[in-house]
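Student: First to last, the protein sequences are chains B and G.
With the working numbering, letter number 359 in the first sequence gets 363, and the count goes up by one each step, no holes.
With the working numbering, letter number 16 in the second sequence gets 20, and the count goes up by one each step, no holes.
Hints are supplied without guarantee of correctness; some may be wrong.
Pairs count within a copy or across copies, as identical chains cannot be separated in the list.
DSS-like mimics (lysine-lysine), calculated; alpha carbons at most 30 Å apart, straight line [to be verified]: (1) Lys442 to Lys214; (2) Lys490 to Lys213; (3) Lys575 to Lys439; (4) Lys525 to Lys536; (5) Lys575 to Lys549; (6) Lys99 to Lys214; (7) Lys490 to Lys543; (8) Lys99 to Lys213; (9) Lys575 to Lys303; (10) Lys442 to Lys99; (11) Lys99 to Lys490; (12) Lys439 to Lys549; (13) Lys528 to Lys213; (14) Lys499 to Lys439; (15) Lys214 to Lys575; (16) Lys213 to Lys543; (17) Lys214 to Lys543; (18) Lys99 to Lys543; (19) Lys214 to Lys536; (20) Lys528 to Lys99; (21) Lys499 to Lys99; (22) Lys575 to Lys99.
What the hints contain is simulated information worked out from the structure, not anything from laboratory work.
2 protein chains.
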Amino acid sequence: MRTDNLFNRYLPILRWGSRYRQVDLLDDSIAAVVVAIMLIPQSLALAILAGLPAQMGLYASIFGLLMYSFFGTSSSLSIGPVAVVSLMTAAALGKLTLASDAEYIAAALTLTFLCGGILLALGLLRLGFMANFLSHPVISAFITASGILIGASQIQHLLGISTSGHNLVDLGLSLSNTINGANLITLSIGIFAILFILWFRIGLRQLLKKIGWGDRAANAFSRAGPIFAVVITSVIVFVYNLGERGVQTLGEVPIGLPGLMIPDFSFDLVNSLLRSAMLISIIGFVESVSVAQTLATRKRERIDLDQELVGLGAANIASSLAGGFPVTGGFSRSVVNFDAGASTPAAGLLTSILIALAAIFFTPVLYWLPKACLAAIIIVAISSLIDFSVLQKSWNYSRADFAAVSLTLALTLVIGVEIGIAAGVLASIVVHLYKTSKPHVAVVGKVPGTEHYRNVDHHQVITHENILSIRIDESLYFANTRYLEKLLTELVAEKPRLEHVILMCIAINKIDLSALEALEKANKALSELQIKLHLSEVKGPIMDKLRHTDFFRDLSGNNYLSHNQAVEDLKNDDAAP
Amino acid sequence: MRTDNLFNRYLPILRWGSRYRQVDLLDDSIAAVVVAIMLIPQSLALAILAGLPAQMGLYASIFGLLMYSFFGTSSSLSIGPVAVVSLMTAAALGKLTLASDAEYIAAALTLTFLCGGILLALGLLRLGFMANFLSHPVISAFITASGILIGASQIQHLLGISTSGHNLVDLGLSLSNTINGANLITLSIGIFAILFILWFRIGLRQLLKKIGWGDRAANAFSRAGPIFAVVITSVIVFVYNLGERGVQTLGEVPIGLPGLMIPDFSFDLVNSLLRSAMLISIIGFVESVSVAQTLATRKRERIDLDQELVGLGAANIASSLAGGFPVTGGFSRSVVNFDAGASTPAAGLLTSILIALAAIFFTPVLYWLPKACLAAIIIVAISSLIDFSVLQKSWNYSRADFAAVSLTLALTLVIGVEIGIAAGVLASIVVHLYKTSKPHVAVVGKVPGTEHYRNVDHHQVITHENILSIRIDESLYFANTRYLEKLLTELVAEKPRLEHVILMCIAINKIDLSALEALEKANKALSELQIKLHLSEVKGPIMDKLRHTDFFRDLSGNNYLSHNQAVEDLKNDDAAP
Numbered sequence: 005m006r007t008d009n010l011f012n013r014y015l016p017i018l019r020w021g022s023r024y025r026q027v028d029l030l031d032d033s034i035a036a037v038v039v040a041i042m043l044i045p046q047s048l049a050l051a052i053l054a055g056l057p058a059q060m061g062l063y064a065s066i067f068g069l070l071m072y073s074f075f076g077t078s079s080s081l082s083i084g085p086v087a088v089v090s091l092m093t094a095a096a097l098g099k100l101t102l103a104s105d106a107e108y109i110a111a112a113l114t115l116t117f118l119c120g121g122i123l124l125a126l127g128l129l130r131l132g133f134m135a136n137f138l139s140h141p142v143i144s145a146f147i148t149a150s151g152i153l154i155g156a157s158q159i160q161h162l163l164g165i166s167t168s169g170h171n172l173v174d175l176g177l178s179l180s181n182t183i184n185g186a187n188l189i190t191l192s193i194g195i196f197a198i199l200f201i202l203w204f205r206i207g208l209r210q211l212l213k214k215i216g217w218g219d220r221a222a223n224a225f226s227r228a229g230p231i232f233a234v235v236i237t238s239v240i241v242f243v244y245n246l247g248e249r250g251v252q253t254l255g256e257v258p259i260g261l262p263g264l265m266i267p268d269f270s271f272d273l274v275n276s277l278l279r280s281a282m283l284i285s286i287i288g289f290v291e292s293v294s295v296a297q298t299l300a301t302r303k304r305e306r307i308d309l310d311q312e313l314v315g316l317g318a319a320n321i322a323s324s325l326a327g328g329f330p331v332t333g334g335f336s337r338s339v340v341n342f343d344a345g346a347s348t349p350a351a352g353l354l355t356s357i358l359i360a361l362a363a364i365f366f367t368p369v370l371y372w373l374p375k376a377c378l379a380a381i382i383i384v385a386i387s388s389l390i391d392f393s394v395l396q397k398s399w400n401y402s403r404a405d406f407a408a409v410s411l412t413l414a415l416t417l418v419i420g421v422e423i424g425i426a427a428g429v430l431a432s433i434v435v436h437l438y439k440t441s442k443p444h445v446a447v448v449g450k451v452p453g454t455e456h457y458r459n460v461d462h463h464q465v466i467t468h469e470n471i472l473s474i475r476i477d478e479s480l481y482f483a484n485t486r487y488l489e490k491l492l493t494e495l496v497a498e499k500p501r502l503e504h505v506i507l508m509c510i511a512i513n514k515i516d517l518s519a520l521e522a523l524e525k526a527n528k529a530l531s532e533l534q535i536k537l538h539l540s541e542v543k544g545p546i547m548d549k550l551r552h553t554d555f556f557r558d559l560s561g562n563n564y565l566s567h568n569q570a571v572e573d574l575k576n577d578d579a580a581p
Numbered sequence: 005m006r007t008d009n010l011f012n013r014y015l016p017i018l019r020w021g022s023r024y025r026q027v028d029l030l031d032d033s034i035a036a037v038v039v040a041i042m043l044i045p046q047s048l049a050l051a052i053l054a055g056l057p058a059q060m061g062l063y064a065s066i067f068g069l070l071m072y073s074f075f076g077t078s079s080s081l082s083i084g085p086v087a088v089v090s091l092m093t094a095a096a097l098g099k100l101t102l103a104s105d106a107e108y109i110a111a112a113l114t115l116t117f118l119c120g121g122i123l124l125a126l127g128l129l130r131l132g133f134m135a136n137f138l139s140h141p142v143i144s145a146f147i148t149a150s151g152i153l154i155g156a157s158q159i160q161h162l163l164g165i166s167t168s169g170h171n172l173v174d175l176g177l178s179l180s181n182t183i184n185g186a187n188l189i190t191l192s193i194g195i196f197a198i199l200f201i202l203w204f205r206i207g208l209r210q211l212l213k214k215i216g217w218g219d220r221a222a223n224a225f226s227r228a229g230p231i232f233a234v235v236i237t238s239v240i241v242f243v244y245n246l247g248e249r250g251v252q253t254l255g256e257v258p259i260g261l262p263g264l265m266i267p268d269f270s271f272d273l274v275n276s277l278l279r280s281a282m283l284i285s286i287i288g289f290v291e292s293v294s295v296a297q298t299l300a301t302r303k304r305e306r307i308d309l310d311q312e313l314v315g316l317g318a319a320n321i322a323s324s325l326a327g328g329f330p331v332t333g334g335f336s337r338s339v340v341n342f343d344a345g346a347s348t349p350a351a352g353l354l355t356s357i358l359i360a361l362a363a364i365f366f367t368p369v370l371y372w373l374p375k376a377c378l379a380a381i382i383i384v385a386i387s388s389l390i391d392f393s394v395l396q397k398s399w400n401y402s403r404a405d406f407a408a409v410s411l412t413l414a415l416t417l418v419i420g421v422e423i424g425i426a427a428g429v430l431a432s433i434v435v436h437l438y439k440t441s442k443p444h445v446a447v448v449g450k451v452p453g454t455e456h457y458r459n460v461d462h463h464q465v466i467t468h469e470n471i472l473s474i475r476i477d478e479s480l481y482f483a484n485t486r487y488l489e490k491l492l493t494e495l496v497a498e499k500p501r502l503e504h505v506i507l508m509c510i511a512i513n514k515i516d517l518s519a520l521e522a523l524e525k526a527n528k529a530l531s532e533l534q535i536k537l538h539l540s541e542v543k544g545p546i547m548d549k550l551r552h553t554d555f556f557r558d559l560s561g562n563n564y565l566s567h568n569q570a571v572e573d574l575k576n577d578d579a580a581p
């Protein structure tokens, strides 16, 4: 029954839903409460980071979580706005010249819809593998740089001033121009909130464990710092009427759930946001999948990359239509969800309901919430993103990887997120091509008394004047064919009595068409010099492809299963005239 | 003596010049005459193809050849304007909005200088390897498409009309609008010239051999068809006064050599030509090096890629300052040079002098040369560029390569040269990443009675419940780490009694930092499941890098020299509780 299969494939909820038990509901409910308490203040804060009204963060979380619970495959992943994607959203929208806040919001909806459409399309076309083309160290460097930019962008809220810019240079200049307007009460609230949340996370957790709380409960409660900080700072602002002393608060926040919104699909807007939407989609997908994969391994579960794309696509389209902004799977909230015992995607569904209830009943109290408190929440959250160890690690392991990593870090900080990640992806590809473009090639000879062949430079081996035995330790493809042609020319030029070249193919995993053409050319060129080209120890899958080619048919020499056999066969030609 | 070395390195003429003998001079002189006779009409025709005055082709050849003979390393390469690069020049200049012919010429000089500067810089920075990143089948497809575009662009001269456009669509539309103005006398001259040159190449050569000429002499003479065509058609136009019957001729061509020109370096012009200059430089370099490499192999010589860049850079800068346009090593003229017996780069120097003499003494007779004859010369010349066999070949060998090749061909024809080659390069890189992103991975077991391990799917082998032996047939790098992580998760999920995972690394030629991090992560995740990760048969160069990493220090299992040893050691753990 084809429709059945299709439904099952694209609606994972049918699979886990039919096996749902009461004990699952208990586990999922506990996790939902813990995650909702963590996610509500974060959602508000991240909307502000993206340059949008705070409530859009709630809408994004509610509808993102809802859709993912139907379409997603990970039982632990928690969906919503995340810091790096919110920063990229701000950068994408900041490039446009928009007349009003309403236009800015409309553009955000369009961007979100585009992200959803791109993710969905990639999923339906089964192009999830494209995420693999991003190198992990490059993404680490990008996330570290993004964390720094996010921190720098929040300084304005801590100081009660207004800065602009999407890189460190612009933010720094803007800060130096406006710092005279700093409000010390705002700063005090911000610093208090930072210290309070950190104490909750570290000090209080240890205290709770000491007085006999279990690990899981203490860990979960220690994540509630932000919500308490929100309540406490709001009360302080209300009681002392600090709004009149220059402390910026959220002010009027609409009550209840949003109506259906239709994004603006005018050609100019779509055209100018498309590239940003692609970058946001890919970064969001890669981040989300990394978390999902890590947590799935711990549970011995599987996740389906293409269905993950469908799930994230649906989440973003829903977020767009409900007046939210781009969402994806967040690292720390998913780990919290996992640790709190979420056993199915229903945990996300329940989280969604809890946040919706909060949006309906508690938004009026947000009137007095100081923006400095939200900035504090973000600053604590992103502190875990910043990790320079990748610089040290790549420096020690490979200078080429280090070059790609440091380029990404520097360009993201100095120019911005889009150029930074684009340059990083490009650099990691160029580095890979470069590293494989000069493969390790050994001229080999026989270790006396064995059938083994080793590098003539490192071992005492037997060679023959009329034979050149070459082992290439790399797949042959366009980026290294020219190097190998050149090397072969040089090696041949060194041996005037040469009659046979034997390529030992044991370490060759692939041969592309460029390389095949180069082999054909080499075969022809060597023939003109009365030198035969032989192959030895070609792997099965490669032989299957070579067998039907002109190259193999026209090969001047033979194809040997063993290199030793080849040398034994050919060495006696030495005596020939 | 450092300066001595530097001079020797950057001025190859010092090396071969000091060994120059009288017999070399004779060989080089003969080759120079043959090549000059071939190159003079081609240079004129290619300048017209680039949309420039005919004499600029002569200037480009004279000074390109001159400089290359000092700085180049190939004894056979013949420098000058070539068809594909001339087409790309026309496309690059066609994108600009230029007010007059003088501005068009000035922009050509700037473009040429930029090409020279880029080539020189790449050479001095020793970045010649960048040319390797172009896949040969993609270049073949690009050259075939360019050949078709060149042919289509010459139809106007054969018909005596004027068309515009840099792709087949625009050229076709333009042709259908102007074809009513076709001049039949012009067409007759063009067809006569095509047939005449073809007869010279094929019919006359066989005739000459029949009447006893040597192979070399007959071949050389058969290449002189274009110059005879030029003389004959010019005489016909002069005698019958066909200029008044609507046959377009070159008209006034300046006599003698040009003065020094200084290109226009205004920011806007440089900025809008820079990307084109990069593409032209790279394509020119790749074409030139391919020829040089092929001919060097035949002579058992070496060429130095970086010094080749210096040579081509100097040639283009000189061409620019002398009022020429982009030059590079041409395929057919280099083969002619080689066949005619050129023994050193002095052949190029002599060719340069001969063309200079022609520019001084023979330009007045070009007044009557019909453009249709030059179009005929180009059409015959490019007919050898067009080769669709790469489509068939790639289709048979690999569908992914076919996709890259056909994309390049289609986009070049339909949109233009720059988009075509850029898309081709990108596609070939994506294809390579894709192919290596899902590497061949085998779960292996022991062939009974041997120490060999083979794929469990294809062989009757011995396996153990507590051991998973995996052989990965590919280097580990960012594009395949995620796939391998996923595969490992799945394989582990299938074996509930698993205690040991052994990675057989015999076919792994490289491990990049992304892959190292993935291995670290896998090691940690498996540890949490009480499963140990072991390595076996790691190659020497890889072990040298791994030895100092945290991964290797924290590896839960062991590193075995032989896979069999690993299995023998670990299989008895089976009995453990």
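Student: Now tell me if each hint is right for this structure.
Tutor: Hint check results:
1. Lys442 to Lys214: Classified as neither: same-chain Cα gap 59 Å, cross-chain 50 Å, threshold 30 Å.
2. Lys490 to Lys213: neither (68 Å within a copy, 36 Å between copies)
3. Lys575 to Lys439: neither (35 Å within a copy, 38 Å between copies)
4. Lys525 to Lys536: within (13 Å within a copy, 48 Å between copies)
5. Lys575 to Lys549: Within. Shortest intra-copy distance 29 Å satisfies the 30 Å Cα cut-off; inter-copy 37 Å does not.
6. Lys99 to Lys214: Answer is neither; intra-copy 51 Å and inter-copy 74 Å both fail.
7. Lys490 to Lys543: both (24 Å within a copy, 25 Å between copies)
8. Lys99 to Lys213: neither (49 Å within a copy, 71 Å between copies)
9. Lys575 to Lys303: Between. Shortest inter-copy distance 25 Å satisfies the 30 Å Cα cut-off; intra-copy 58 Å does not.
10. Lys442 to Lys99: neither (41 Å within a copy, 37 Å between copies)
11. Lys99 to Lys490: neither (48 Å within a copy, 37 Å between copies)
12. Lys439 to Lys549: So Lys439 and Lys549 pass the 30 Å test inside a copy (26 Å) and across (14 Å) alike.
13. Lys528 to Lys213: Between. Shortest inter-copy distance 26 Å satisfies the 30 Å Cα cut-off; intra-copy 77 Å does not.
14. Lys499 to Lys439: The answer is within: 28 Å in one copy meets 30 Å, while 36 Å across copies does not.
15. Lys214 to Lys575: neither (79 Å within a copy, 44 Å between copies)
16. Lys213 to Lys543: neither (59 Å within a copy, 49 Å between copies)
17. Lys214 to Lys543: neither (62 Å within a copy, 51 Å between copies)
18. Lys99 to Lys543: So Lys99 and Lys543 fail the 30 Å test inside a copy (52 Å) and across (50 Å) alike.
19. Lys214 to Lys536: neither (79 Å within a copy, 34 Å between copies)
20. Lys528 to Lys99: neither (56 Å within a copy, 42 Å between copies)
21. Lys499 to Lys99: Classified as neither; 62 Å inside a copy, 52 Å across copies.
22. Lys575 to Lys99: neither (70 Å within a copy, 61 Å between copies)
Checked against the numbered hints above, the structure violates hints 1, 2, 3, 6, 8, 10, 11, 15, 16, 17, 18, 19, 20, 21, 22; every other hint is satisfied.
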